[in-house]
Amino acid sequence: MPSLTRNALCRLRTRGELGAAAWEEALSFASFRPGRREWLEYWRGLLLACGMLLFVAGIVFFIAANWNGMHRFARLGLTGGAILAFGLASLRLGPDSPAGKACLLACGLAVGPHLAVFGQTYQTGAELWQLFRLWFAVLFLLALAGRQSALWLAACLTGNLWGMLYYGDIVRYLLLPEYAAASLAALAAWELAAWKADASSWLRARWLPRLLYLNALAGLTVTLCARIVMGDRFGVPFLFLPRPEMWTVFLYTTACLGGCALYRLTIRDLFMPALALASLASLLVAVLAREEFLFDSGSVPLISLVWGLIIVGLTAVLAVVLMRLQRDMAREAALKEGGAAGKKEKSSPWPPLWAHLQSLGLLDSPPAFPAGDRPESPWYVRILLAIGGWLAALLFLVFLAFFLDRTGGGALIAGSLLAMAAAYPLLRAGGAFTGNLGFVLALAGAGGVLAGTGLEVRRSAMLFFFWAAFLAATIPLMPSAAYRVLASLAAVCLVPAGIAKSFAGLPDWLMMVWWLPLCAAVALCWSREKDWLGRPRLAAVLPPALHGAFAGMEVYLLAVLLFSLDVPSRPSVQFFLLRLGIIPGSALGLLVGPALGLLIPAWLAAGEEASRAASPKWKTFGPILACVAVLTAAGCFVPGLILTLFGFALARRLDNAALRNASGFCFFLFVLGHYYSLALPLTTKSLLLAATGATLLGAFRLIHRAPFFAGFRPHGEIGHA
Amino acid sequence: MRKACLLALLAAILAGSVGMIAHREIMLAQGVEAFLPLAPRDPRALMTGDYMALDYRVNRDIAQALRKDAASRTHPRRAVLRLVAGETPGGEAIPNLLVFVRLDDGSPLEDGELFLAFRTREHLVISASPAFHFQEGRGGAYERARYGRLRLSPSGASLLEALCDAEGRDIRPE
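Protein chains in written order, with my numbering: chain A, 179 to 899; chain B, 8 to 181.
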């Protein structure tokens, strides 16, 4: 049974298992449809996070701006104080709590900058590797006492840096067999400790052993492949591997297969066999390349076609073997945990939801999740197959390109359309390998059509509109979410570029004719999700297209701000350009559009809320109008602000953490970029940044405590911190 | 118990840090002040980022002595230098100029002699700090550096305090 997520509920709606009313009620029941309280908590959380981030950034920049004027004891005191503060915080919070672990990790990491400041202050001629040696020793001791994987990872990284700096050559160090042997020894020690530990022990986490295994195998694979292909010309010293490559390859193959068996039968981690098999496949490719398989034929299309087929074949074999392993391991794990299955069923969040919907008369019987669905492959298997898909696609494109007439755009367009036609069935089939193969062909085909039309129709502003229309037309045709996002992003950026090129003499504010309806369309589409989600075709096309449209707005605004604001030459003029009325036209459109986009769903949601609650309408609509007005005014000074707020709102409504984090990253960039571009000393800019962060924290506190917002808090919660 | 271990470890880290700082401060306060003539370096490698690479004439003397001493298998790690009075191009005296005497062979130091610790790295001799860190953008002022002003401990450990011009004056960029 899948996890209860917003996407899972949407899939049920699309399949017709849930009606529109049942779907909406399910979203509310599972807290995926935020009400007033959820919105308030969400914005409070963002105010706290963004305020802390900006405040800390301001302090850091203030210290950096005044670093050289500080006495050496002040600098050393600052860095040493960080070690002390994090260490004490970890002890106070408890070294096993998440916050305590983070503080202990920060304590260990803070030792590095402290040593660096020490080395710069007292110039004894100590070498850099000596600094990392001492840092490694501290982290090793902290990892022993701290009992957390992150500290062990930090110790590994600093230990590696120590070795690299001492050895002097990073690549040669990483390719040393002794390095691989040390990684494997560390892996063996870890697995042994984990095997003896409890099932719930922190040692049972798989990410660090996987990293150590990847470390060892990556180096050995590259070394062996290079040795096979280059022979005696490969210069990395082998200290104990003998010269004959085939004997070495046989030994390595046996070891890999042994490792596969070990992890298949005992620890049951598919990652390890997957990596080992991928390594062996790479060696096979190296052996074929060494034997100059077909290369001596001199025929480029034949070589690229056959090698593409070889990659397809190898990836297919890898996929079959890994899927088989995954199925067998999952079946064995299910048999082993048979007693626990009933408990898992009882603790599943789905039954309470079904019971709630049935009690409201919105559901007759709980929908059955399809039993025949192929279980989703782990991310590392998908990545391996995707790499195979990309390699094969590139080789096939070389084969195709060989037959195109290089002098004209017409043949390029024809070949590209052929590639897109070939991509369609691959994308429909789905899967990690065929899906990525089809994706590359679709991307290459779309790019080829754009390039071909560009060659045929030179220097025409209408070209931008044609490109945008072509990409928009392919969105419903290409059954790939990734392609739809990229095509939508590109189309959204091409239209204003075409407007700018076509109507060069007209005012920039005309760009609003594009951004206003676009933002309104995006907002309205998401507001009416319940209407189109029940139609499978729309449900497949609209979400990635809408995400791509939003991403296009962010990309375009970044481009406008980067290219239109001439920071170095006339910073004072640039500062005034940001004032209301003189803001760059494109940025103005992107300011008002998202403001409208924020207003529409907020208005609709508030309307629904007001009709349900008995409170006066001004109490519901008033704060929303006031907030949007204040933010729009503030956005004149920080154009990226209103757009990222639009992103935050969309992220909460869609319960999309990736969109929230991406919007947060863009917000941070915009604010930093704005303050950086001011014509003020660095010290003043950093204080302004810290003041902005403090203002946001003050707003957070206000929402917490102010009586005006009491009506928005759930009953009984009055000013809790 | 575990918290006690972590607290002890934290105390050890801070105590170690304070100890290292105190040791260096004692060297600055009580170490013998001496001038070590700089050797010419390739100017393209002179200033990289926010530090400049340094070499000292005494390093070459040590390297030569090591080559002569290669058969003895003693692997000395200190050189013996003498403090002499030098003269600037302007005729002023530089009282504490260091010149190479011999490699440390275990014999006691004579008056005016000091140890200078060194190490070898890929056949190069590194004695005092091979790099001088400065604030980014201020490197041009150090082009006229001719001496490094050091503080030496009795064991031969050195600490580079400043770079000096041909007159023996500290170079301080504005």
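In case anyone wonders, no lab produced these hints; they're calculated from the structure.
Note that the coordinates shown come from a computational prediction; the quantities given were computed from them, not determined experimentally.
Please note that a few of the clues may not be correct.
To be verified - So these bits of chain B aren't anywhere near chain A, every CB distance computed over 12 Å:
#: 1; residue: ILE28
#: 2; residue: ARG31
#: 3; residue: PRO44
#: 4; residue: ARG64
#: 5; residue: ALA70
#: 6; residue: ARG74
#: 7; residue: LYS75
#: 8; residue: ALA77
#: 9; residue: VAL91
#: 10; residue: GLU94
#: 11; residue: GLY98
#: 12; residue: GLU120
#: 13; residue: ALA135
Stated by the list, open to error - Taking CB as the label site, the calculated pair distances span:
#: 14; chain 1: B; residue 1: HIS130; chain 2: A; residue 2: ILE348; range: 16 to 24 Å
#: 15; chain 1: A; residue 1: GLN298; chain 2: B; residue 2: GLY98; range: 30 to 38 Å
#: 16; chain 1: B; residue 1: GLN142; chain 2: A; residue 2: GLY223; range: 39 to 47 Å
#: 17; chain 1: A; residue 1: ILE237; chain 2: B; residue 2: ASP177; range: 29 to 37 Å
#: 18; chain 1: A; residue 1: VAL349; chain 2: B; residue 2: GLY23; range: 30 to 38 Å
#: 19; chain 1: A; residue 1: GLY213; chain 2: B; residue 2: MET27; range: 17 to 25 Å
#: 20; chain 1: A; residue 1: GLN308; chain 2: B; residue 2: ARG109; range: 22 to 30 Å
#: 21; chain 1: A; residue 1: TRP373; chain 2: B; residue 2: LEU116; range: 54 to 62 Å
#: 22; chain 1: B; residue 1: ALA15; chain 2: A; residue 2: CYS805; range: 31 to 39 Å
#: 23; chain 1: A; residue 1: ILE237; chain 2: B; residue 2: GLN142; range: 18 to 26 Å
#: 24; chain 1: B; residue 1: ALA22; chain 2: A; residue 2: ALA363; range: 16 to 24 Å
#: 25; chain 1: B; residue 1: HIS130; chain 2: A; residue 2: GLY632; range: 55 to 63 Å
#: 26; chain 1: B; residue 1: ALA15; chain 2: A; residue 2: ILE237; range: 25 to 33 Å
Ideal Cβ placement from N, Cα and C applies to all residues, glycine included.
So, going through the hints one by one against the coordinates:
Non-interface call for ILE28(B) relative to chain A: violated, since the shortest CB-CB distance, roughly 6 Å, does not exceed 12 Å. Not every beta carbon of chain A lies more than 12 Å from that of ARG31(B), the smallest distance being close to 4 Å; the non-interface claim is violated. Every beta carbon of chain A lies more than 12 Å from that of PRO44(B), the smallest distance being close to 16 Å; the non-interface claim holds. For ARG64(B), the shortest C-beta to C-beta distance to chain A comes to about 16 Å, beyond the 12 Å cut-off, and the non-interface label holds.
Distance check for ALA70(B) against chain A: the nearest CB is about 16 Å away, which clears 12 Å, and the non-interface claim stands. The Cβ of ARG74(B) lies farther than 12 Å from every Cβ of chain A, with a closest approach of about 22 Å, so its non-interface assignment holds. The beta carbon of LYS75(B) is kept farther than 12 Å from every beta carbon of chain A, the shortest such distance being approximately 24 Å. Distance check for ALA77(B) against chain A: the nearest CB is about 23 Å away, which clears 12 Å, and the non-interface claim stands.
Interface exclusion of VAL91(B) from chain A stands, the closest Cβ pair being 23 Å apart, more than 12 Å. Every beta carbon of chain A lies more than 12 Å from that of GLU94(B), the smallest distance being close to 27 Å; the non-interface claim holds. The beta carbon of GLY98(B) is kept farther than 12 Å from every beta carbon of chain A, the shortest such distance being approximately 30 Å. Separation of GLU120(B) from chain A is adequate, the least Cβ-Cβ distance of about 21 Å exceeding the 12 Å criterion.
At roughly 6 Å from the closest C-beta of chain A, the C-beta of ALA135(B) falls inside 12 Å, breaking its exclusion from the interface. Distance hint check for HIS130(B) and ILE348(A): the Cβ-Cβ separation is about 21 Å, which falls inside the suggested range of 16 to 24 Å. At roughly 36 Å, the beta carbons of GLN298(A) and GLY98(B) sit within the given window of 30 to 38 Å. The hinted window of 39 to 47 Å between GLN142(B) and GLY223(A) holds, with their beta carbons roughly 41 Å apart.
Take ILE237(A) and ASP177(B): their Cβ atoms lie about 33 Å apart, and the range 29 to 37 Å holds. VAL349(A) and GLY23(B) have their C-beta atoms about 34 Å apart, which keeps the hinted 30 to 38 Å range intact. Against the hinted window of 17 to 25 Å, the Cβ-Cβ separation of GLY213(A) and MET27(B) comes to about 58 Å, which falls outside the hint. Between GLN308(A) and ARG109(B), the C-beta spacing of about 28 Å keeps the proposed range 22 to 30 Å intact.
The given range of 54 to 62 Å is respected by TRP373(A) and LEU116(B), whose C-beta atoms sit roughly 59 Å from each other. Between ALA15(B) and CYS805(A) the beta carbon distance is about 52 Å. The supplied range of 31 to 39 Å is therefore violated. Checked against the hint of 18 to 26 Å, the pair ILE237(A) and GLN142(B) passes, with Cβ atoms roughly 21 Å apart. A hinted range of 16 to 24 Å for the beta carbons of ALA22(B) and ALA363(A) is inconsistent with their spacing of about 33 Å.
Distance hint for HIS130(B) and GLY632(A): a CB-CB separation of about 58 Å, consistent with the stated range 55 to 63 Å. Distance hint check for ALA15(B) and ILE237(A): the Cβ-Cβ separation is about 31 Å, which falls inside the suggested range of 25 to 33 Å.
In summary, the numbered hints that this structure violates are 1, 2, 13, 19, 22 and 24.
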